[in-house]
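> Given next are the chains, with one letter for each unit.
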Amino acid sequence: MEPTRLPDNSSQRPGPERRYGAARAWLARAASVNWEMARDAAPVGAPVRGPAIPEAPAHRSAGAPMAEAWPTTYALAVFAVGALAAFVASRVLSPVWLLELQHVAALALFAVATNLLVGYGGLVSFGQAAYYGLGAYTIALAWLHFKAPFWPSFIATPLVGAVSAFAVGLVALRTRKLYFALLTLAFAQLFYTVAQQQYDITNGATGIFGVAVPAVLMDPQVGFFFVFVAAALAMLLLWKITVSPFGLTLRAIRENRARAQSVGVNVFRHELLAFVLAGAFSAFAGGLFIIHDQSAYPELLDWTKSGEPIFMLVLGGMNSFLGPALGALVYQISHEIIVQHLKDWQLVLGLVVLAIVLFMPDGIVGLFSAKRWRRWFARPQASGPNPG
Amino acid sequence: MAWPGKRRGTTHLGSVGLAVIMAAMLTGSGGSARAIAAETVAVALSTTLSGSIAELGRTGLRGIAMALEQINAQGGLLGKQIRLVSADDGAFPANGVSNVRHMILVDKAVAVFGPATSAVGTAVETVAGQYRLPVFFHMANDIQITTSNFTKYAFELVPNTVMEPRAIAYYFAENVAPKAGGKRIKIATITPNYSYGRDTVEVFLKTLKELKVDFEVAAQEFPQLGATDYTSYISALLAAHPDYVFAAIFGGDLITFTKQARGFNLEKQMKILGFYDQVALRVLGKDSPEGAIAWNRAPFWTENGPGFAKFLADYRARFHDAPSPWAITGYSAAQIWAYGVKKAGSFESDKVVAALSGATVPTIRGDITLRACDHQGEVPEFIGRVSAQTDPRYGQPIYSETVAVPASKTMLTCAEAQKRQP
Amino acid sequence: MSVESLAVELLSAMTTAGSLFIIAAGLTLVFGAMRIANIAHGSFYMYGAFLVSTIVSSFGGGAFWVSLVAAPLIVATLGMVVEVTVLRRVYDKDHLTQLLATYAVFLILADLAIRFWGAQSRAVPTPAILSGSMRLGAASFPVYDLFVVGAAAAIGLGLWILLRFTLLGWRILAAVEDSEMLAAKGTNVRLLYTMVFGLGALLAGFGGAVVAPLQSIDTGLDANIIVAAFIVVVIGGLGSVAGAAVGAMIVGLFQALGILWTPSWAPAYIYLAMIVVLEIRPSGLFGTAEMA
Numbered sequence: 000m001e002p003t004r005l006p007d008n009s010s011q012r013p014g015p016e017r018r019y020g021a022a023r024a025w026l027a028r029a030a031s032v033n034w035e036m037a038r039d040a041a042p043v044g045a046p047v048r049g050p051a052i053p054e055a056p057a058h059r060s061a062g063a064p065m066a067e068a069w070p071t072t073y074a075l076a077v078f079a080v081g082a083l084a085a086f087v088a089s090r091v092l093s094p095v096w097l098l099e100l101q102h103v104a105a106l107a108l109f110a111v112a113t114n115l116l117v118g119y120g121g122l123v124s125f126g127q128a129a130y131y132g133l134g135a136y137t138i139a140l141a142w143l144h145f146k147a148p149f150w151p152s153f154i155a156t157p158l159v160g161a162v163s164a165f166a167v168g169l170v171a172l173r174t175r176k177l178y179f180a181l182l183t184l185a186f187a188q189l190f191y192t193v194a195q196q197q198y199d200i201t202n203g204a205t206g207i208f209g210v211a212v213p214a215v216l217m218d219p220q221v222g223f224f225f226v227f228v229a230a231a232l233a234m235l236l237l238w239k240i241t242v243s244p245f246g247l248t249l250r251a252i253r254e255n256r257a258r259a260q261s262v263g264v265n266v267f268r269h270e271l272l273a274f275v276l277a278g279a280f281s282a283f284a285g286g287l288f289i290i291h292d293q294s295a296y297p298e299l300l301d302w303t304k305s306g307e308p309i310f311m312l313v314l315g316g317m318n319s320f321l322g323p324a325l326g327a328l329v330y331q332i333s334h335e336i337i338v339q340h341l342k343d344w345q346l347v348l349g350l351v352v353l354a355i356v357l358f359m360p361d362g363i364v365g366l367f368s369a370k371r372w373r374r375w376f377a378r379p380q381a382s383g384p385n386p387g
Numbered sequence: 000m001a002w003p004g005k006r007r008g009t010t011h012l013g014s015v016g017l018a019v020i021m022a023a024m025l026t027g028s029g030g031s032a033r034a035i036a037a038e039t040v041a042v043a044l045s046t047t048l049s050g051s052i053a054e055l056g057r058t059g060l061r062g063i064a065m066a067l068e069q070i071n072a073q074g075g076l077l078g079k080q081i082r083l084v085s086a087d088d089g090a091f092p093a094n095g096v097s098n099v100r101h102m103i104l105v106d107k108a109v110a111v112f113g114p115a116t117s118a119v120g121t122a123v124e125t126v127a128g129q130y131r132l133p134v135f136f137h138m139a140n141d142i143q144i145t146t147s148n149f150t151k152y153a154f155e156l157v158p159n160t161v162m163e164p165r166a167i168a169y170y171f172a173e174n175v176a177p178k179a180g181g182k183r184i185k186i187a188t189i190t191p192n193y194s195y196g197r198d199t200v201e202v203f204l205k206t207l208k209e210l211k212v213d214f215e216v217a218a219q220e221f222p223q224l225g226a227t228d229y230t231s232y233i234s235a236l237l238a239a240h241p242d243y244v245f246a247a248i249f250g251g252d253l254i255t256f257t258k259q260a261r262g263f264n265l266e267k268q269m270k271i272l273g274f275y276d277q278v279a280l281r282v283l284g285k286d287s288p289e290g291a292i293a294w295n296r297a298p299f300w301t302e303n304g305p306g307f308a309k310f311l312a313d314y315r316a317r318f319h320d321a322p323s324p325w326a327i328t329g330y331s332a333a334q335i336w337a338y339g340v341k342k343a344g345s346f347e348s349d350k351v352v353a354a355l356s357g358a359t360v361p362t363i364r365g366d367i368t369l370r371a372c373d374h375q376g377e378v379p380e381f382i383g384r385v386s387a388q389t390d391p392r393y394g395q396p397i398y399s400e401t402v403a404v405p406a407s408k409t410m411l412t413c414a415e416a417q418k419r420q421p
Numbered sequence: 000m001s002v003e004s005l006a007v008e009l010l011s012a013m014t015t016a017g018s019l020f021i022i023a024a025g026l027t028l029v030f031g032a033m034r035i036a037n038i039a040h041g042s043f044y045m046y047g048a049f050l051v052s053t054i055v056s057s058f059g060g061g062a063f064w065v066s067l068v069a070a071p072l073i074v075a076t077l078g079m080v081v082e083v084t085v086l087r088r089v090y091d092k093d094h095l096t097q098l099l100a101t102y103a104v105f106l107i108l109a110d111l112a113i114r115f116w117g118a119q120s121r122a123v124p125t126p127a128i129l130s131g132s133m134r135l136g137a138a139s140f141p142v143y144d145l146f147v148v149g150a151a152a153a154i155g156l157g158l159w160i161l162l163r164f165t166l167l168g169w170r171i172l173a174a175v176e177d178s179e180m181l182a183a184k185g186t187n188v189r190l191l192y193t194m195v196f197g198l199g200a201l202l203a204g205f206g207g208a209v210v211a212p213l214q215s216i217d218t219g220l221d222a223n224i225i226v227a228a229f230i231v232v233v234i235g236g237l238g239s240v241a242g243a244a245v246g247a248m249i250v251g252l253f254q255a256l257g258i259l260w261t262p263s264w265a266p267a268y269i270y271l272a273m274i275v276v277l278e279i280r281p282s283g284l285f286g287t288a289e290m291a
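Residue numbers (numbering that gives the first Met the number 0), protein chains in the order written: chain S, 0 to 387; chain D, 0 to 421; chain U, 0 to 291.
Here chain S stands alone, though its shape is the one from the complex:
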């Protein structure tokens, strides 16, 4: 797919309000008519995927006038409750679980950031580990070669992720669908081979160990709380992005690309920005991983690592913002428990993923969704092959 070049946009350069104006107007229509139609008309087995559009005019009038205002308050409340829960957890949970949850928090951010592409943008990237790994390597290499202090390189991680994602996105976004998935994978493998082969720079397959992290973060309680809050803040920011005009347009592009183009949306630029943002947040998650593990090694960039956030977002449910985070929690904890008691982790994971893609496309969150329960209670006889 060619990058979109629209004559009216490039010549006039309207301000953001005007630029999004057309998209907005279309979105409102699309949401009220096409979206609902698409949902209702979608045949069983081919549900319309991806997070629903929040600004869809609520059919039940409750809350409709405040639709713009309340979500931020609500999100802040969720954040506050989460932070409080994390604080309590850091006091009561044993260190082994705190360290485990620290890893979960980093992975949760990684999965939520990946879902910006997969769920919101409809862009299935199979190479997001590149940015997660780069985040970790940024800190590790700066420490190894320059004995750089932790904080500056930690803060630089999203920047490194953004710049590399920009370069990759420029090339990869020229292709679509499966070619895009495989091209992002090729870039990630390229980074992987560099990390594995350039022994003099990266220590090769051995990786870099014992990266210096501020002593206070090494304490499981403080470390967990810090990583949790940092990941949660990043997710809050990501959430803000998903409900911004940009986020809405991204979803409009996913739903109907040609239509988005016809109302003057620069599809390529929006997708590139989404790719850059996902890269930046994934790299930040990689920086959080360094706090957890103090090491960086090539497997962090491998294609099987890129599969992890995809599993997590499908497991948790890509149709909701926090679904992938829940997926990360369930994935990582069950991995921890299963490898301790069973040898066949891959077998269990494979069966679970198969069950999810075949029978519950909305993931775990789908199980809890109000709609599902309502349908369950209202029409118990209507439990077809495709619930949720």
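Don't take each hint at face value.
Dumping the calculated DSS-like pairs for lysine-lysine here, alpha-carbon to alpha-carbon at most 30 Å [stated by the list, open to error]:
| # | chain 1 | residue 1 | chain 2 | residue 2 |
| --- | --- | --- | --- | --- |
| 1 | S | K342 | D | K79 |
| 2 | D | K182 | D | K211 |
| 3 | D | K205 | S | K146 |
| 4 | D | K107 | S | K342 |
| 5 | D | K185 | D | K208 |
| 6 | S | K146 | D | K151 |
| 7 | D | K342 | D | K309 |
| 8 | U | K92 | S | K176 |
| 9 | D | K418 | S | K146 |
| 10 | D | K79 | D | K342 |
| 11 | D | K341 | D | K79 |
| 12 | D | K408 | D | K151 |
No wet-lab data here; the hints were simulated from the structure.
Could you slot chains D and U onto chain S? The hints should help.
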């Protein structure tokens, strides 16, 4: 369907689910483990049980498990039965760390056995150090374990990445170089591109130089770890026309290299020095390179400590296979820990470590002294010549002659080791 | 560099290309007909190699030739079981769901392989007639590698005949173009899909069987091969068998020359090749835009 409504319901119930999981963690972290802990004591092993090096981890696990079964059958240690907790790390350092941490904190493990790969090894050493538990490395052998990453809780029970290449260099200088008839020897190297390969080849060449061997390096190749196609490397080696190729490749990679080299008649044009242990020779069978100089950390045909014959017979009866070096070193590692516990009269880490530091421990491999300054086990490296004929006693090829190069010749001096320690 | 060693390099590149082509042909065929990017294709390859090792170790070296036929047939059966139980349910889903479904099968088959065959490495001795090497001036080249190249050429020819001159082949090509039209004309598309998938698995199994004597057979083979196979298919253009042949040669050459010129960057070359090709032709060399 209104979106906000759905969202509210979702997140609410989602957080309930989260709370349930957290509650499970709270209760899961105590209860069950403590109930068993009254009669049994746990030891931890996180190693690689899946993927291309699964065999290393799985046979090592067998050795440790067999030793502990033996101990349990004889009434256990200090009246307690020993329980081995094991898990797969998939060769990921982060998995190894979280496995071991889980075993220490949840299963209340009192000792740790080391993983298969060096990368996971250094990571596990650090965790064991943090929780002050003795850790025994019977596979991973990076020199960092006893030097720059050293903690007093770590014991290295196989020749490290300095000892092994030095031993090969000594053998080469004494048995091979004199036959060159004063001609300069051309050596090519091929080793996987990570610290084991890089360190091994560097120390090997450096030691040859120290031993005044007249040689030159004809070519150096560093293929990717886990490569499946060596043909281009092989033609590069052939083009360099060396007298010897030093192939510090191991496991499946070595088998692939050997088979592909055979097709190019490489063995007819140069002599191979390679990491052909019993596993590689069993897999290669008649394709084993006749006359190649091979090294090995624990060949079952020369080991003869007390109880080894019984172990060999038991192992073969049970697994229909000869024990790998890792099964043998794993068995002796468990014996060493048990000796420390008995000598200390306690499972307490510091007492066990103190009891073992500098001690000479009887094992199926004979007496092993654990040097006090860096906790390096004074174990020999075994070097020999591959005989491709199937040995009727074992049903697989072994070496035609096997020489043990003692640790005293190859170890760093205590002063050298301590200089590199933190 | 001498002429002989250059010839050896090129022949090695062709060997790599040959084994990659056999695997990639099946992958691209399945993609062309059903639009499924089958990650489990790597598992079928690994099962082919493991089955050969089992057959040879139980019946002796002479059984190699039997195993070269039997192993792919067993793998094809396994493939058809996977198609009927799993893939049939995801044909009308988006490509993320399809990728995940085949990835799930990949994971399941990986652990089942450890259950069946254990974790130890295996090796298959090269069959006696092909174990020698032939001379090329001062250099020598393994006969078995020539056999691999020959096998790849035979597979290519066979596929060309199948797709060009047989009813089944015409139906497969018709399914690539427009499966609904084909169904309307009375073809049992379901059965056709099962057969195409079985054929794909057969080719993967054959690829694994052919390379079995060339390398150590262990439980990481599946993940190792699948990325390379995808790169070949993408370079050639998804769905194009001729593209897979060209893609395999490009990858084989890049790998060989990479090791020759800058060894430490060699593994990166195939990814660079893919990136460059897709930058110039976003649908691969022989692909069409709507295939993506």
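> Taking the hints in turn, state whether each one holds.
Outcome of the hint check:
1. S:K342 with D:K79: With Cα atoms ~26 Å apart, K342 (chain S) and K79 (chain D) stay inside 30 Å; holds.
2. D:K182 with D:K211: Satisfied, since the Cα-Cα distance of roughly 13 Å is no more than 30 Å.
3. D:K205 with S:K146: 29 Å, holds
4. D:K107 with S:K342: 21 Å, holds
5. D:K185 with D:K208: 13 Å, holds
6. S:K146 with D:K151: 26 Å, holds
7. D:K342 with D:K309: 25 Å, holds
8. U:K92 with S:K176: Roughly 13 Å separates the two Cα atoms, so the pair holds.
9. D:K418 with S:K146: 21 Å, holds
10. D:K79 with D:K342: 15 Å, holds
11. D:K341 with D:K79: With Cα atoms ~12 Å apart, K341 (chain D) and K79 (chain D) stay inside 30 Å; holds.
12. D:K408 with D:K151: Roughly 24 Å separates the two Cα atoms, so the pair holds.
In this structure, none of the earlier numbered hints is contradicted; all agree with it.
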